[in-house]
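*Asks:* Each chain, letter by letter, is given below.
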Amino acid sequence: MSHGPATQWKENKTLEKKKARLGVVMFIIYTIVYAGFIYINVWDSQLMRVAVGDLNVAIVYGFALIVLALILAIIYNHICTKAEKLTEVSGKR
Amino acid sequence: MNYSVSPGAVAIFICFVISVLFISFYFARKTKSATDYYAAGGSIHWSVNGIAFAGDYLSAASFLGICGMIATYGFDGFLYAIGYLAGWIVALFVVAEPMKRLGKYTFTDALDSKFNSKGIKLLGAVSTLLVSMFYLIPQMVGAGSLVTPLLGLPFEAGVVMVGVIVIAIVATAGMASTTYVQFFKGALLITFSLILTFLVLSRGLSTSPDKVDAPYHNLIVLKVSSISDTSVKLEDSSYQVIKVIKSKTKSYVKLSKDNVESIWTINAPKNILEETETITALPNGSKLYNGEPKENNKFFQVGTVSQIDGQIPTGATAVTSGSLNPFSLIAKISNSTVTRWGHEDIKDGDNHITVYYQNPTSGKDILSPGLKYKVDPAKGATSTNRFDFVSLMLALFLGTASLPHVLIRYYTVPSPSAARKSTLVAITAMAVFYILTLYMGLGAMTGGVLDLTNDNMAAPLLAKSIGIAIFAMISAIAFSTVLGTVSGLIVAASGAIAHDLMDRFFNLKLTDKKKVYAGKVTAVVVGCIAMALGILFKTMNVTVLVGWAFAIAAAANFPSIIMILFWKKTTAAGVIGSILVGLIASLGIVLFSQDTYSNVYRLVGVTAPFAFSNPALVGVPLSFITLIVISLFTYKDSNIKAVSGVVS
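Going down the list, the protein sequences come from chains A and B. Position one of the first sequence corresponds to residue 1 (our numbering), numbered consecutively onward. Position one of the second sequence corresponds to residue 1 (our numbering), numbered consecutively onward.
Extracted from the complex, chain B is given alone in its bound form (with noise of 0.2 angstroms):
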């Protein structure tokens, strides 16, 4: 669809950024240790860390990511909020306040405070740089793709300007100005969300649902008079019968009308023919968006439920629920049907043609878990989906406390217990953001605002249809969204390079001002490396890539954190071999996965070594053995030493 800029996301957007370069400025003069750039000073309030601790998670991913795939898949998308939250109890009662004891800068330091190996210190340094890349791609993609719709300029105008102002937010004043900026946009991403779901239940359900930025296209329904095989007969005479496609699994009819052509489904049981989007891909490259070209804006939002308690629309009056509470919209959602869309391909002479097609699904299926993830064997699923499946919730569950940009928060408080407190505000915060993403995203799927061309703006476009002050403002904070987590990720990816690489493993000796110097170069090398790698990776999954870093850190950074913590025998090599083996394995598989054969490198009937394409279950695993095994190898006991020398 076509996207039409609002003057006031841009103004709202332009403040947000000025008062963000503000506070980067305002903080730099203050920043002269290498204590206040990389971990401000370790001077940060709880209760602001706490709050920036959510403006630093509540990515992209979170925000636009979720409430899209609840609007497309119902429940099955919210079991990411559940995982993404489980995943700070861990961070909470095992994480935190060790890791403020332990380290100083970064989370290498943690693992290292033991040892003082130098192995631990470049193992350490590559995961946090690995991990780093892999979710600043996303952010930069995401970035990329917000800014079209949202200020309408191209994808490389969006990665180049978050580049900008995220390399100017972290090379002015590095965790100081980083953490104001995520406190600022993780308060006012929950109070927006806040409102808008307020505003979504006092709306409630229709059948045609009110919008002010557009009416809702109500859909076709053509009578069928007669049906065989090959031709169909229509009552409406607008409409001209072209021919009959068939698919594997439907049967399709082309229509005609005012010399513009349509794809219908054929409904036999009810003898009636539905309506579908189309996206032609023409043999001389340009597309039609339902028959017409993307200007027209034929191309229409949609997403609603058909029937509310078994009520059927009657002719031009539309069902509704009227205002609903947090309970009552999940009990009519039940009692609903909701037309979802499924797609396909198919071939028409020379044109490729996308064909959307309505899916109704009953609205007890859309609140049970099924429609994404196929776990249940009577429904066709094999147990490399269920492995898959668990897979990917135990990466969540302890990828968290393992993400290198989420770790360095907590040098930024105080104390042990400041650190702690932290925590439970961001669990606080967070509660409350994941439990709106159900409603904003069940608003969605219901709103007649979803764009079938791109998920991700479920979020942005349901603002827009309750009004334009609102998704200015949810814009606005869907941008800055990006830069909040960008600068994190760019801090942690500069504190690697130049303290744990730079000053600890190559021992440069760097005096207090050159490693802020350093970290601060480090922050626009790395930040222009992910300008470059976010325009590089323009087509890429985003989200793919952001389970990838989950994977990748609970495999390669949680079981030496955790056995540092809790087992006394755990030696520098077994913590270097249980980082080298998550790493490997994890990246391995990710590498090599049905998964990303066919949707990344798009090889096309290649079967891949790994059939699943989730790692944890297996790096988690493998990572803790090798870290047992090298440990009771190398483990001296000095103990038994003394005891040994005292009977000899």
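Looking at chain A on its own, in the form it has when it is part of the complex (with noise of 0.2 angstroms):
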């Protein structure tokens, strides 16, 4: 039987490659931050107690690994689509 995609889409390898570098570009991002966390816990568990206003650091850097993971992901999404947009126009041209 055939091996092909179950759905047909337009390709686009340049397009296809710039994606899958910023994927990787903010992939390496946060998993600095989700390293530094970790880091933080193992090496300087004191760290996290640390009092930030209410807070201490674990609650606030839980929370910005959290909404961090949510702001990239967005952001990525808004310049792939942005993107695939752009290339859709030239290629009507």
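Bear in mind the hints are in silico, worked out from the structure with no lab data behind them. Be aware that a few hints might be false.
[Stated by the list, open to error] Taking lysine-lysine pairs in the DSS-like style, the calculated list, with each CA pair at most 27 angstroms apart, reads:
#1 B:K636 to B:K568
#2 B:K211 to B:K250
#3 B:K248 to B:K347
#4 A:K18 to B:K569
#5 B:K32 to B:K513
#6 B:K114 to A:K18
#7 A:K17 to B:K114
#8 B:K257 to B:K347
#9 A:K13 to B:K569
#10 A:K17 to B:K568
#11 B:K379 to B:K30
#12 B:K636 to A:K13
#13 B:K223 to B:K243
#14 B:K568 to A:K18
#15 B:K246 to B:K379
#16 B:K379 to A:K13
#17 B:K250 to B:K270
#18 B:K636 to A:K17
#19 A:K17 to B:K569
#20 B:K568 to A:K13
Computed from a predicted structure; not experimentally measured.
Build the complex: two chains, separate frames, hints provided.
*Replies:* So this is what it looks like as structure tokens:
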């Protein structure tokens, strides 16, 4: 049997490469922030107890990791969607 | 504790099941081709798929497990929420679009897209089946343990019920009905978690929480008039002192009142005795809860703040905080002391007693890491403890994007960009949910709702203390949570057997129709195996198994996915080696770790070959190295050949 994708869509190698590169860059950014969290947990856990306003570093960093995931995801999707639209337009010309 | 069954919960659950089955039969008529069955025709809208991702991923372990862990250990439970969500970043940035572009029905398709290798097909399918099974068992065990408190049925009935309903969902319409079941479950779970969090915040904190289901048991304190090493005299003469029992760390006093025996801890500095809860196993096999048979309902729910902002309750007047917001709740807990509970097994003659004793913990400790995972060397953490912790966080981070039942959801949408958008929706929904788990967990910790014998029940019991309607809803959702995740896993497993193995590995050349039929039959078989394993592993700790599934997925699948996408020299032999080494290393470490020896095989005093229990930190690098080394040896560069051909 054929082994193609289930549904066809327009392929665009340069666009794919650009999206993949952006994805890797954002993945590295997040990995560094996540690794920082684990590092503090393991090697400097007293820092986690330091107060930040009414909260502490552990709670703020933990929430920040969740919110950062969301923000990066929105930025990534926005840039990719925009790039896809641009290629669509230039493809039609 | 005893649970009374809520008729509302049963009614809501039955409604949910009926609508799920209705959806399944509706889609069954539309499910004709293999693409319909394995990938819902590739026609699911990305927004629906995104919520279905959440419904798929937020398993019983996420919902009940994390809330329960936060309620018991505070911030350390929240680490799971952070790790589980972080895994989705890997899925979005690295895996989502290529996975959709390269594959058709299964994750093995994507791995094999460049190679057409029999070995990859076989190993991909084996890895999918192993990971799915490790993930399935805890779900089935979860279903069985939920069904007793929620619907009043025995454990086995819960497992069989989930098995039968899920087989009906999957065998009728495959991925299409599975997707909609997960969509509804995901949407309901997030909505009602929001409502529950809102109610927790508006109730606020109290040293004697208001509960609608049963009044809070205010802990009794007995004043001591004199104390020596072997005897204690009390001011309250209605209690008779029987004897002092010493364990390695604590001193207890056994008292009797109205012919009921109880155990108390001695708080020598304050000259008081503090109440404990006990489960006594008698030589004849029966058990007493706080000195009485289970039916008497004397085993009370616990967990509350003992002081807020330094204010201690005086007499019958409780200290309360009033309504709070998401920030002030955390600030208040930080300035409070929470009564957590430790436990210890002691011997009293022929009786074995499990004593749950009060363990007042400052709010600052609860909101910082360290209560579950010992990583601070100042508090006696060894390098093995720290290694284990880093390894666990790595498995959560890399495991998500390697779970076969998550990956197959990328084939239900029409295009790579839809795959990306649905991942964004999933991240949004789950970010909200995981933040809510902190509030639900802390709410349960301080709401006087904890059942010390079952920490998985923290979230449903919290709902029960607030209102019977929300309890009915949360219970029904908790149960349907299992349905959604199990059906996803069964689709993944049946795809691995029918598509990867039968059709592609054994080259049976199934027609489209036969392939749907094969998928349905495998779904029934896998479902039955899952039921059997669920009953067999009844006593197994379920969160341990989920951890294994993540670690095995991360070591066996993640390196090959990444390298196929980003390293041109990856060869089929490299991929095969990497999956094999990842599987063997992670499974081997898990099966021969100290943790498994002591807690699963229950081998007392035997030293296992591996001191640590989380294999990701060893398995993932090993798997990467294997792939790179084998690929370098087997890679034939066509360019080099062409060039050397010209020169010669």
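*Asks:* Work down the list of hints and note, for each, if the structure agrees.
*Replies:* Here is what the structure says about each hint:
1. The hinted pair formed by K636 of chain B and K568 of chain B meets the criterion: a straight-line CA distance of about 11 angstroms does not exceed 27 angstroms.
2. Annotation: proposed proximity of K211 of chain B to K250 of chain B is violated, straight-line Cα distance about 32 angstroms (limit 27 angstroms).
3. Of the pairs offered as hints, the one joining K248 of chain B and K347 of chain B holds, with about 12 angstroms between alpha carbons and a cut-off of 27 angstroms not exceeded.
4. Of the pairs offered as hints, the one joining K18 of chain A and K569 of chain B holds, with about 20 angstroms between alpha carbons and a cut-off of 27 angstroms not exceeded.
5. In summary, the hint linking K32 of chain B to K513 of chain B is supported, as the alpha carbons are separated by about 7 angstroms, within the 27 angstroms threshold.
6. Simply put, K114 of chain B and K18 of chain A have alpha-carbon atoms about 21 angstroms apart, close enough for the 27 angstroms limit, and the pair holds.
7. Between K17 of chain A and K114 of chain B the alpha-carbon distance is near 17 angstroms, which keeps this suggested pair within the 27 angstroms criterion.
8. Taken as a hint, the K257 of chain B and K347 of chain B pair is honoured in the structure, with Cα atoms around 21 angstroms apart against an allowance of 27 angstroms.
9. The hinted pair formed by K13 of chain A and K569 of chain B meets the criterion: a straight-line CA distance of about 19 angstroms does not exceed 27 angstroms.
10. Note on K17 of chain A and K568 of chain B: the hinted pairing holds, with a Cα-Cα distance of about 13 angstroms set against a maximum of 27 angstroms.
11. With a C-alpha separation of about 61 angstroms, the suggested pair K379 of chain B and K30 of chain B falls outside the 27 angstroms cut-off, and the hint is violated.
12. About 24 angstroms separates the Cα atoms of K636 of chain B and K13 of chain A, which keeps this hinted pair within 27 angstroms; it holds.
13. With a CA separation close to 17 angstroms, the supplied pair K223 of chain B and K243 of chain B stays within the 27 angstroms bound.
14. For the hint pairing K568 of chain B with K18 of chain A, the CA-to-CA distance comes to about 17 angstroms; that is within 27 angstroms, so the pair holds.
15. For the given pair, K246 of chain B sits about 25 angstroms from K379 of chain B by alpha-carbon distance, which is consistent with the 27 angstroms threshold.
16. Taken as a hint, the K379 of chain B and K13 of chain A pair is broken in the structure, with Cα atoms around 54 angstroms apart against an allowance of 27 angstroms.
17. Taking the CA atoms of K250 of chain B and K270 of chain B, the gap is near 15 angstroms; set against the 27 angstroms cutoff, the hint holds.
18. Among the hinted pairs, K636 of chain B with K17 of chain A is consistent with the structure: their alpha-carbon atoms are about 24 angstroms apart, no more than 27 angstroms.
19. Only pairs whose Cα atoms come within 27 angstroms are accepted, and K17 of chain A paired with K569 of chain B is accepted, the gap being roughly 17 angstroms.
20. Proximity of K568 of chain B to K13 of chain A is assessed by CA-CA distance (about 15 angstroms); at most 27 angstroms being required, the pair is judged to hold.
The earlier numbered hints that this structure contradicts are 2, 11 and 16.
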